[in-house]
Amino acid sequence: MSHPYERELVEDLAARFQVDVERARIDLDQSPAIEHRRKEPRISKPISGLALLAILLAGAFGGKLLLGPGSSVDPTSPAIASGMTSEPRSTIAARTNAPAESVRLADGLPTKIDNVTVLRGEVALAAIRRSAQGDHLLIGGWLVGATPMSCPILRADEWWNPCRAVALRESPFNGPIMFMYRGDNPVPTPMAPAGQTGAIVFSVHTHDASCPTGNPCEALPVIDTVLWFGGFVPVPSSSGEAPVQGLTQEEAVEKARTYATAKSSGAVELLSATAAAYGWIRASGNEVSADHWVWAIVFSGRFSSPDCVNSACTAHPTIMIILDYADGRLIVEEIPA
Amino acid sequence: MAGTLRLSLGIWRHVAESQAHQVTVLKAMISSLRPELLAFARYLMASDDDANDVVQQTMEIALRRHSELRDRAKLKSWLFAIETREATRWRRRIRSFVRLDTVVRDISATGPPLDRSVAIRIAVEALPRRTRQAIVLHYMVGLTVSDTARALRVSENTVKTQLRIGLHKLREDLT
Numbered sequence: 001m002s003h004p005y006e007r008e009l010v011e012d013l014a015a016r017f018q019v020d021v022e023r024a025r026i027d028l029d030q031s032p033a034i035e036h037r038r039k040e041p042r043i044s045k046p047i048s049g050l051a052l053l054a055i056l057l058a059g060a061f062g063g064k065l066l067l068g069p070g071s072s073v074d075p076t077s078p079a080i081a082s083g084m085t086s087e088p089r090s091t092i093a094a095r096t097n098a099p100a101e102s103v104r105l106a107d108g109l110p111t112k113i114d115n116v117t118v119l120r121g122e123v124a125l126a127a128i129r130r131s132a133q134g135d136h137l138l139i140g141g142w143l144v145g146a147t148p149m150s151c152p153i154l155r156a157d158e159w160w161n162p163c164r165a166v167a168l169r170e171s172p173f174n175g176p177i178m179f180m181y182r183g184d185n186p187v188p189t190p191m192a193p194a195g196q197t198g199a200i201v202f203s204v205h206t207h208d209a210s211c212p213t214g215n216p217c218e219a220l221p222v223i224d225t226v227l228w229f230g231g232f233v234p235v236p237s238s239s240g241e242a243p244v245q246g247l248t249q250e251e252a253v254e255k256a257r258t259y260a261t262a263k264s265s266g267a268v269e270l271l272s273a274t275a276a277a278y279g280w281i282r283a284s285g286n287e288v289s290a291d292h293w294v295w296a297i298v299f300s301g302r303f304s305s306p307d308c309v310n311s312a313c314t315a316h317p318t319i320m321i322i323l324d325y326a327d328g329r330l331i332v333e334e335i336p337a
Numbered sequence: 001m002a003g004t005l006r007l008s009l010g011i012w013r014h015v016a017e018s019q020a021h022q023v024t025v026l027k028a029m030i031s032s033l034r035p036e037l038l039a040f041a042r043y044l045m046a047s048d049d050d051a052n053d054v055v056q057q058t059m060e061i062a063l064r065r066h067s068e069l070r071d072r073a074k075l076k077s078w079l080f081a082i083e084t085r086e087a088t089r090w091r092r093r094i095r096s097f098v099r100l101d102t103v104v105r106d107i108s109a110t111g112p113p114l115d116r117s118v119a120i121r122i123a124v125e126a127l128p129r130r131t132r133q134a135i136v137l138h139y140m141v142g143l144t145v146s147d148t149a150r151a152l153r154v155s156e157n158t159v160k161t162q163l164r165i166g167l168h169k170l171r172e173d174l175t
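So the protein sequences, as listed, match chains A and B. Mapping of the first sequence onto the working numbering: position 59 corresponds to residue 59, and the numbering continues sequentially without gaps. Mapping of the second sequence onto the working numbering: position 70 corresponds to residue 70, and the numbering continues sequentially without gaps.
Worth double-checking, as some hints may not be accurate.
Label pairs and their in silico Cβ distance ranges [to be verified]:
#1 171(B) <-> 184(A): 26 to 34 Å
#2 108(A) <-> 126(B): 36 to 44 Å
#3 116(B) <-> 161(A): 38 to 46 Å
#4 119(B) <-> 162(A): 44 to 52 Å
Simulated coverage check for chain B against chain A, where a stretch passes if three residues somewhere in it have a Cβ under 8 Å from a Cβ of chain A [what the hints assert, rightly or not]:
#5 27-35
#6 117-128
#7 136-142
#8 162-171
Just so you know, the hints here were simulated from the structure itself, not pulled from any lab data. No residue lacks a Cβ here, since even glycine has one placed at the ideal position from N, Cα and C.
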């Protein structure tokens, strides 16, 4: 297993299975008659007899042996409404395309599910921080496809690593990223393909008993289950018009040149200057909201990484300076660009 | 006497309610694993109907035998072990029947890069059955080698051999 290709292959196998599970979940959700027996007359009499026997046996167990998502599970259970339960939250099954009367959407996300408020963004983060042991919260957001951080190769069971967490934004391409952890008993979650996102609502708890010591376990949201999933959609391709007032290109370049010159050990040369929504410049960044307009200016020169502590560091040939479109303040610089 | 009887009935009712609650929770836990069971079954069976039937059968058996599950943490490996055996039984049962539904499900791709993801599925499905079962249970479902061995009713060394052969074959097919 030490061969790098094999490690990659093993990761790909696990990722492939997540795709298969998601596909299966969608298929199960879309076929309410989960207890379909095949319609074609290909079962012989002995097997029909076995099936009948199974049905009779199942009858002895309450008559409801076919537990399709949404069929066996009561999402309106008092446990959810109160937000408190001592039982595993896997008692709630994932739902997609939930009935309109129980789910009201705002910006594509449910505001409430069965009268329990779906929290998102800063409100969700605050609620997580305030949560107590035994609390269960409904957290909504938009799945982030690409992991916005550098991740090492992980073992399949490293569910407490942030790289294994599910990343959510407050809107399809906006807002700070929240991480929902999978805990030691991970439930399957949809994986957003590149260029796509999906609205999703999780039931989560904090203070997880299996959270490894040394972590802020009281503030790590751990997924109990997927309560609602709206399906994947392409990440919106438009972020609106630029603000009426802001720096001109010349002003932005001059301001950025000051920063670039200070960072370079040689002469700097302008390569590009782009005004756009921040999300289009740095898809994985979260310094400002993704629809915040910025100037992104790239220079060539000899730039050292910010984490470089000695003179032996390799000089990078480019730098990108991102300035606030409205007032020109420095938002972030990236080396290399 | 009457008081003792009332107390006994009360305890009995409490125990019965508690057991019923446990069964309800277990049913929900089993239900939550249904997509994974179906995804796995699709690697074992030639058609989607067969896969659904195997999942259904697995869940029926799991519900019937829920009292045999001592450790809920082992629910997943227990279920997949049942499903593996049921898939084998199902294949034997249907071997002598003429198939009327031979449409193999097209798995639409979401997630990792399309070509690679599809290629992986095709390569896995091309593996010999026992090797495929070991690869899927261990590397895809995430069972340990020991749980995989229990599910397949073989030794851990046999599983390790199958995994080694499987990875080697996959590497050949995918490069």
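Cross-check of the supplied hints:
no.: 1; hint: 171(B) <-> 184(A): 26 to 34 Å; result: holds, 31 Å
no.: 2; hint: 108(A) <-> 126(B): 36 to 44 Å; result: holds, 40 Å
no.: 3; hint: 116(B) <-> 161(A): 38 to 46 Å; result: violated, 23 Å
no.: 4; hint: 119(B) <-> 162(A): 44 to 52 Å; result: violated, 29 Å
no.: 5; hint: 27-35; result: holds (count 8)
no.: 6; hint: 117-128; result: holds (count 4)
no.: 7; hint: 136-142; result: holds (count 5)
no.: 8; hint: 162-171; result: holds (count 3)
Hints 3, 4 from the earlier list are contradicted by this structure; the remaining hints agree with it.
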